[in-house]
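Colleague: Protein sequences, first through last, are from chains U and E. First residue of the first sequence: 1, per full-length UniProt numbering; consecutive thereafter. First residue of the second sequence: 1, per full-length UniProt numbering; consecutive thereafter.
Warning: the hint list may mix true and false statements.
[What the hints assert, rightly or not] Simulated pairs of lysine-lysine, DSS-like, Cα-Cα distance not exceeding 25 angstroms: (1) E:Lys475 <-> U:Lys185; (2) U:Lys164 <-> E:Lys7; (3) U:Lys159 <-> E:Lys7; (4) E:Lys252 <-> E:Lys263; (5) E:Lys361 <-> U:Lys185.
[Unchecked claim] Calculated Cβ distances over 10 angstroms to all of chain U for the following chain E residues: (6) Ala53; (7) Ser165; (8) Ala291; (9) Ser458; (10) Gly461; (11) Ser487.
These aren't lab readings, by the way, just hints derived from the structure by calculation. We put the CB at the ideal spot given by N, CA and C, even for glycine.
So you can see what is in the structure, the chains are spelled out below.
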Amino acid sequence: MAASDRPSSIDDSNEREQRYNEFVALLTRHDLSIRRFVRSLLPSRDGVEDVVQETALECWRKFDDFAAQNSGQADEFARWACVIARYKTLSWQRDQGRDRLVFRDSVVDVLAASALPQLDRLEEERRAMEGCLAKLGESQRQLVLSVHSPGQSVSSIAKQSGQKARRLYHQLNVLRASLQQCVEKQLQQELRHG
Amino acid sequence: MDDAIQKLIYQAIDQTISAEDFDQLQDLLEGSEEARQAYLKAVNLSESLHEIAASPTPNLVDSTRDADPQITLPLYRWPSVFAFRSLMIAATALILVGGLAYWLGKQHLSSPAITEIANFESDATESQIAGHATLRRAVDLQWPSDSLPAKVGDVLPNGRLRFESGIAEIDFFCGATLIVEGPANLDIESDWSVRVLQGRLRATVPPAARGFLVKAAESEVVDLGTEFTMDVTADTARVEVVDGEVMLRGGKLDGQHLHTGDKGTLHGSPSSEETNHMITATDLYQRDRSATLQRYEEWRESMRSIQTDKRLIAHYATSELDQRTIRNGADTGDSRDGLLVGPVDLVSGRFGTASRGLNFKRPGSRVRTRIDGDFQAFTFACWAKIDNLNQRYSALFMGDGYENGEPHWQIRDDGRLMFSVMVDDSQSVSFFNDRDQRVVKDAGLHHVYFTEPFWDISKSGQWFHLVAVYDPASKRVQQYVDGQRISDERIQPKFQMDSLRIGPAEIGNWGQPFRETPWFAVRNLDGTIDELTIYAAALDASEIQSLYESGKPLGY
């Protein structure tokens, strides 16, 4: 890491403040994309926080480089940050050792390549998902949301509800598949308005 | 995607996958783009669900709570962190870390997007119309210059209804019908009562409307299931029962009952003048019919002169329908006929039963045509009757593939007309959609020219003359309703398109918008079109006004 890239080379605090504001604005705007990107390279949610934080710090360290090359190109920020995030993911996985399931480096690489072009679709996808969830019946919606609530899992829900986990998984996967279909349909309908 | 792969993917996401299966999944991910896409989709799906579930108000049903949306954490709050510049200078590193921590923390505190919930299925509020009666028929009605004319089919609201001459037939929601001869001045009070200040009228009150009240002078005529006539001027008010019985309240005949053949003077001096030569419903029907036919013939006459216009590309009049083909009335050499496809219903046109219209209310219905050639401008005009705008977009005239230079003419579900021409179908545009309050993506570079809303459910069933003028030469897009210009927008340089085309196209629907999938957008017009005209030129305001005047139905 090139220490000389630090923004300490900027003497004018005004300019530094401006640069920092710019950075935070970009980071805030693209946080969902970056987070999702990292999440898709890690088999579980564990580690996402760490990697995202590492990525954010590294991005700030290198922000002058980015700004110099991409003046006014806000859309480039997410792509650039995701390239950094990919390396941060790999190094985080290495640090973890092999005591848990992690993707091979080669898998991380191909997943990253596939995920990168989709960064700008995530926001729309999630909105479409909200619409699709609203179309579900109350109990189905509760099931699918409760399983995805923080600290919950299918097995814990199965235990609480007295249902067989296998059956619950089956229901859940059917629901997920239909939500998936609904989201895709929704997104297509958004296209070609005029 | 293969069920087995899908299962592995979800097992990985749910963290229930075995080490062996995980290896297998990794092989699949490495080897196949399709598997990777499936995996990414599943992760995104589960993350969306996770974020929605973790949101403080995962409120997907009760849309009333959307009225007070949680504000998205605004970016402009950030600079306030640096309100004290000295702090900034002294502790840049600290703030940086703090700022990032804030950023990271925020991820858990709120998921701003979740509060803007799109509720696709149900509207929180039921739509309502204010009114007590409808104007069912109108023959030769002359309206005072200071009042807005009512059209046939209009819902008549509370309040004054005035006309100088002519005959109106008014159906009250309770079931009573009034035939009123002008000059007339009525005050519609409710579904069950009307005050007559001036006018001659015949009231028919079926059993369902028994109790209907007509007020004149200080009296009230309470109908007990009858037909009666009234003649009201400034000085006199007389009533005569044609059939049945009425009761009088107030005034000098308070409490009296009148039966078939009885006459009474409610106000002013008694007169021997007969009032039962008042027009009857049958007379009115005949008069209406013959006036409508005459109007229809006048229109056909004017249509012939319209069809000789050299600027005309196509003219489709449903009354000229032959089996399933609408002949193109324009003299263009090639045919460009329209072909009925699917369950198009043949219904009455805007000149009553004598004329014909095409109803597109079922999703499969459409009229297909093909208009080749290059054009320098467009004027689209049609007579349309909209029954409802249930679909987000209802098609009037649509170029099939929406390729470069092709037009799209539609109505949005909030009653706005929208016209657009594709400028570059290889690009895609993102724009902020005011109504949805978010950025939406649209395929192809184009701009949609909207009008203010001209239609709402109270206009259901009324005929409208709609016009869109696209003129690259003057760089303007203008839209008209009933001869009045309601929008005029400049064509921005990036949306300028000089070479216009149509090609395969549809009236009343949109064919196969997504060629790559079996899905199609439901955009059929829930309504009727009985005439559609296309010019390869920009018509001016006076020409459009005269198109409206020559084509408007009786009672408009």
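Colleague: Confirm or reject each hint.
Modeller: Checked hints:
{"no.": "1", "hint": "E:Lys475 <-> U:Lys185", "result": "36 angstroms, violated"}
{"no.": "2", "hint": "U:Lys164 <-> E:Lys7", "result": "17 angstroms, holds"}
{"no.": "3", "hint": "U:Lys159 <-> E:Lys7", "result": "21 angstroms, holds"}
{"no.": "4", "hint": "E:Lys252 <-> E:Lys263", "result": "14 angstroms, holds"}
{"no.": "5", "hint": "E:Lys361 <-> U:Lys185", "result": "23 angstroms, holds"}
{"no.": "6", "hint": "Ala53", "result": "4 angstroms, violated"}
{"no.": "7", "hint": "Ser165", "result": "46 angstroms, holds"}
{"no.": "8", "hint": "Ala291", "result": "41 angstroms, holds"}
{"no.": "9", "hint": "Ser458", "result": "26 angstroms, holds"}
{"no.": "10", "hint": "Gly461", "result": "27 angstroms, holds"}
{"no.": "11", "hint": "Ser487", "result": "15 angstroms, holds"}
The structure does not agree with the numbered hints 1, 6 stated previously, though it agrees with the rest.
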